[in-house]
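Make the full structure from the sequences, and use the hints.
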Amino acid sequence: MDRAPRREARSASAELSTDDQVEAVLPASGWRAMVRGARGCCPRCGQSRLFRRFLKPIDQCGRCGQDWSLQRADDFPAYVSIFVTGHLMAPIIIALINADWLSTAALGAVVVTLSLALLLATLQPAKGAIIALQWWFGMHGFKRS
Numbered sequence: 001m002d003r004a005p006r007r008e009a010r011s012a013s014a015e016l017s018t019d020d021q022v023e024a025v026l027p028a029s030g031w032r033a034m035v036r037g038a039r040g041c042c043p044r045c046g047q048s049r050l051f052r053r054f055l056k057p058i059d060q061c062g063r064c065g066q067d068w069s070l071q072r073a074d075d076f077p078a079y080v081s082i083f084v085t086g087h088l089m090a091p092i093i094i095a096l097i098n099a100d101w102l103s104t105a106a107l108g109a110v111v112v113t114l115s116l117a118l119l120l121a122t123l124q125p126a127k128g129a130i131i132a133l134q135w136w137f138g139m140h141g142f143k144r145s
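Just so we're aligned, residue 1 is where the sequence shown starts under the working numbering, counting upward by one.
Treat the hints with care, since some could be wrong.
Cβ pair distances, simulated, as ranges [claimed, not checked]:
#1 53 / 103: 16 to 26 Å
#2 104 / 137: 39 to 49 Å
#3 106 / 143: 52 to 62 Å
#4 54 / 140: 16 to 26 Å
#5 39 / 67: 17 to 27 Å
#6 47 / 104: 44 to 54 Å
#7 62 / 31: 19 to 29 Å
#8 103 / 143: 52 to 62 Å
#9 88 / 52: 24 to 34 Å
In case anyone wonders, no lab produced these hints; they're calculated from the structure.
From the three backbone atoms N, C-alpha and C, an ideal C-beta is built for every residue, glycine too.
Written out as structure tokens, the structure reads:
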């Protein structure tokens, strides 16, 4: 298993012409790559966007040339989002149930609205972080260079 580099390494993409070559600053750790992916940026260079639509990643980074068509995040981002949403909503639901001034219909409306908003807010960052981890660990044909 390859160990993560301790310092940030610089490399240029071989796919780009010499005029378009951009030096990508590789992340120093898997955590930094995950943060870049969670922010919707290319985990390799951190400069370009990772998604062309809400959950549809780009095929290739326009800045560093990294091929993102190899990613296979599948259902895992949804599982992560549901896990996070459930753990954040549990204390809120318990507090709202104990509120005597809130009717059952209002409680249901508040809980469903908050849950959906939180789930949708965490879905794209979860997918970006998972794609970054797949790249960092060289899964599904990714090569970290």
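Verification of the supplied hints:
no.	hint	result
1	53 / 103: 16 to 26 Å	38 Å, violated
2	104 / 137: 39 to 49 Å	47 Å, holds
3	106 / 143: 52 to 62 Å	53 Å, holds
4	54 / 140: 16 to 26 Å	22 Å, holds
5	39 / 67: 17 to 27 Å	20 Å, holds
6	47 / 104: 44 to 54 Å	50 Å, holds
7	62 / 31: 19 to 29 Å	25 Å, holds
8	103 / 143: 52 to 62 Å	57 Å, holds
9	88 / 52: 24 to 34 Å	28 Å, holds
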